[in-house]
Amino acid sequence: MSITYLEAIRAAQAKALADDERVFIYGQDVGAFGGAFKATKNLARDFPGRVLDAPISEDAIVGAAIGAAIEGMRPIIEMQYADFSTPGLNQIINQAATLFWRTQVPCPITIRLPSGGTSGAGPFHSQSMESLYAHYPGLIVMTPATVEDAYSMLLEAVAIDDPVIFCEHKRLYSHLKAPALPTEAMPVGKARIARAGRDLTIVTYSAMVQDALAAAEELAAEGSEIEVVDLRTIKPLDTDTVMASVARTGRLLCVGESFPWGGVTAEVIARVATEGFGLLDAPPQRLNAKDTPIPYHPNLWLVHRPTAQTVCAAARNLLQM
Amino acid sequence: MLLSRVLDEKMAGLYRAGKIQGGVFLGRGQEALSVSMGLALRKGDVFAPLIRDGAGRLAFGEPVLDAVRTYLGSVLGPMRGRDGNVHRGRPREGILPMISHLGAMISVVNGALMARRFKKMDGCVGAASIGDGGTSTGAFHEALNQAAVERLPLVLVVANNQYAYSTPNKRQFACKDLMDKAVGYGVPAHRVDATDLEECLRVLATAVAQTRAGGGPQMVVGRLLRLCGHGEHDDPTYIDPQLKKSPLGRDCLKVAEERLLSEGWADANAIRALRQEVTQEVDEAVATVQREPAPDPYTENWCALSSSHLTEVFEILAPAAQP
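If you read the sequences in order, they're chains A and Y. Throughout the first sequence, residue numbering follows the numbering used here, covering 1 to 321 in sequence. Throughout the second sequence, residue numbering follows the numbering used here, covering 1 to 323 in sequence.
Take these hints with a grain of salt, some might be off.
So, partial list: chain A residues that the calculated Cβ filter (under 8 Å) puts toward chain Y [stated by the list, open to error]:
hint: 1; residue: ILE66
hint: 2; residue: GLU71
hint: 3; residue: GLY72
hint: 4; residue: ILE93
hint: 5; residue: ARG102
hint: 6; residue: THR118
hint: 7; residue: SER119
hint: 8; residue: HIS135
hint: 9; residue: ALA180
hint: 10; residue: LEU181
hint: 11; residue: PRO236
Reference listing, derived: stretches of chain Y covered by chain A, where coverage requires no fewer than 3 residues with Cβ under 8 Å from a Cβ of chain A [unchecked claim]:
hint: 12; segment: 74 to 84
hint: 13; segment: 110 to 119
hint: 14; segment: 129 to 143
hint: 15; segment: 237 to 244
Simulated crosslink set (DSS-like; lysine-lysine; CA at most 25 Å straight-line) [as the list claims (entries may be wrong)]:
hint: 16; chain 1: A; residue 1: LYS15; chain 2: Y; residue 2: LYS10
hint: 17; chain 1: A; residue 1: LYS41; chain 2: A; residue 2: LYS190
hint: 18; chain 1: A; residue 1: LYS15; chain 2: Y; residue 2: LYS119
hint: 19; chain 1: Y; residue 1: LYS254; chain 2: Y; residue 2: LYS176
hint: 20; chain 1: Y; residue 1: LYS170; chain 2: Y; residue 2: LYS10
hint: 21; chain 1: Y; residue 1: LYS170; chain 2: Y; residue 2: LYS244
Bear in mind the hints are in silico, worked out from the structure with no lab data behind them. From the three backbone atoms N, C-alpha and C, an ideal C-beta is built for every residue, glycine too.
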């Protein structure tokens, strides 16, 4: 018996719906169809009237979620793809993210973004939007990398009184499996040491944690002990755990699947350089996707984003500095 | 209507005297339509006013002090200096605080109405305000369609005041009439001469009653002319003088006053007394607020999250300015 990352997301939503009558799900094709990825499979059947198909209107979908949240509901929004959240960006960053600051009325909405690249998905079904949303005050941005976190963090996202951008990685949906759903979880905002090591720290999040772990395994065979820090939430960012790891290893490589200009990897390096410059034995490095739209063809796509192989290469390079 | 006009004039005066930071936005010419919207609603309804809805806000129950405190930046106001001027509201009391992006409030009203439906609270109505320019936004279309699909009790009031900032109708839309925009979504539309208070009261009451009775969303299009600039910083020389002279350019307040006099429902003395009364109310509110504290950047918590324990502190990266 095992459970996938996708099944964990579905199970978390089922539990949220069962436990709290204020929860409802709203998004395109989430009803009887069960969602483009089946993350809401059977939920409309099991919770009649609480899992609603929406028109293709991302702005109005998020706007309605905000209105419902003001009235005390706790909506879960499924964006069909993270890429499609941009037509709803205005409502997310200008309405949801500012509401509490402006009025002291909380805005407990969860926006699920099926994120990241999969083979053949191309420029508009592959994006990682977490850095964009993390830029705005008033939002929490979660990037679960494990089945356990996908489940427990989604439940926490629904429970939190603020808007949460929940970046779930499509490449993990069916690939990643765990023996069972977790019964306990780390607190929101705490990073996790996914693998301990003493030679070099890789800070990453979401699906890249899996690539980083694969790279660490390969480098272990070469005699290097790599520590992998899974950020779990990128906002808030657990600088303490990152800094403690860099203090142990003296070397920092930040890996992210999103575009290279700015973003999570740049933020982590900026913080370490500012607050922990003396901990570094070598210049901190970062590895991101290329600065082009995400290509369709697998030959191009495999080279566009970081992989276990390129993480290995970057780590070897840094170990020699 | 009169209270709103007097309040607006007072705010404009304070702005010209340099007492108000940011902008001042008047409802001059739009009071009849706006007040009719506020009066047609009742406590427990949801209202998303826009920048020229001072009259509607007062009619819906927003205290005069909320406007004055938000304009003057009093820390005791509903926005406590964090937002200003027309960007005010009390979401828990059904007045949604507008953001600047036009059309964005309509779907928020939709969501509030969906929540009421989830909670089995029947008989609630939501009203949202938009202008001729706002009907060009995607948000307007998405939200109107959403309200129609969900068959929500929404009244969407379009104030066609002929200009979106400086842009005239002919550069804003190409349909013959803004009423046409409702047709595409299966939404009934009501036309109203927004310079005529009586007609506004009747049409808004009808639209609200129809949606409250389960008739689904309704759109009301009022025609009028904005009798002021976009804001008090704006010299509206771009407004066509022919429009000003046309029936569209009538001042709804004067029209209403003349009607009161001609019908014998009030005499000049009563109107004068009313004006004195509301002027005193506004003056007292301003005097009160001018004695109130402004927000203090050093006691401000600078926390954008309700979950304060998840707020990141950036002070090491960006040290706070010293007093």
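Taking the hints in turn, this is what the structure says about them:
no. : hint                   : verdict
1   : ILE66                  : holds (5 Å)
2   : GLU71                  : holds (3 Å)
3   : GLY72                  : holds (7 Å)
4   : ILE93                  : violated (10 Å)
5   : ARG102                 : holds (5 Å)
6   : THR118                 : violated (28 Å)
7   : SER119                 : violated (32 Å)
8   : HIS135                 : violated (12 Å)
9   : ALA180                 : violated (28 Å)
10  : LEU181                 : violated (24 Å)
11  : PRO236                 : holds (5 Å)
12  : 74 to 84               : holds (count 4)
13  : 110 to 119             : holds (count 9)
14  : 129 to 143             : holds (count 4)
15  : 237 to 244             : violated (count 0)
16  : A:LYS15 with Y:LYS10   : violated (55 Å)
17  : A:LYS41 with A:LYS190  : violated (31 Å)
18  : A:LYS15 with Y:LYS119  : holds (20 Å)
19  : Y:LYS254 with Y:LYS176 : violated (29 Å)
20  : Y:LYS170 with Y:LYS10  : violated (33 Å)
21  : Y:LYS170 with Y:LYS244 : holds (17 Å)
The structure fails hints 4, 6, 7, 8, 9, 10, 15, 16, 17, 19 and 20 (numbered hints given earlier, in ascending order).
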